[in-house]
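According to UniProt numbering, the residues represented by the sequence shown are 1 to 40, in order.
Worth flagging that the hints you see were computed from the coordinates, not collected in a lab.
There are no misleading hints in this set.
Here are the in silico distance ranges between beta carbons for each label pair: (1) Thr-31 to Phe-9: 28 to 36 Å; (2) Ser-8 to Asp-37: 39 to 47 Å; (3) His-35 to Tyr-6: 40 to 48 Å; (4) Lys-34 to Leu-12: 28 to 36 Å; (5) Gln-36 to Ser-5: 44 to 52 Å; (6) Val-29 to Ser-8: 29 to 37 Å; (7) Tyr-6 to Asp-37: 45 to 53 Å; (8) Ser-5 to Asp-37: 41 to 49 Å; (9) Asp-37 to Ala-3: 46 to 54 Å; (10) Ser-14 to Asp-37: 32 to 40 Å; (11) Leu-12 to Lys-32: 29 to 37 Å; (12) Glu-13 to Gln-36: 32 to 40 Å.
Calculated pairs, SDA-like style, for lysine to any residue (alpha carbon to alpha carbon, straight line, at most 25 Å): (13) Lys-30 to Phe-20; (14) Lys-32 to Phe-20; (15) Lys-11 to Arg-24; (16) Lys-11 to Ile-22; (17) Lys-30 to Gly-17; (18) Lys-27 to Thr-15; (19) Lys-34 to Phe-20; (20) Lys-34 to Arg-24; (21) Lys-11 to Arg-21.
Quantities reported herein were computed from a predicted structural model and do not represent experimental measurements.
Note that CB positions come from ideal geometry on N, CA and C, so glycine has one too.
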Amino acid sequence: MQAISYSSFAKLESTVGFLFRIARFRKQVKTKDKHQDRLQ
Numbered sequence: 001m002q003a004i005s006y007s008s009f010a011k012l013e014s015t016v017g018f019l020f021r022i023a024r025f026r027k028q029v030k031t032k033d034k035h036q037d038r039l040q
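Hey, can you work out the whole structure from these sequences and the hints?
Here it is as structure tokens:
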């Protein structure tokens, strides 16, 4: 039982990390677009 919960927790952790990376990347893209708008 403990091993199953641990594997599911590891999966959850990796998924959260993946989503966090995507969110950070999208935030960078948004700020980049803002800078481009300012230059134009």
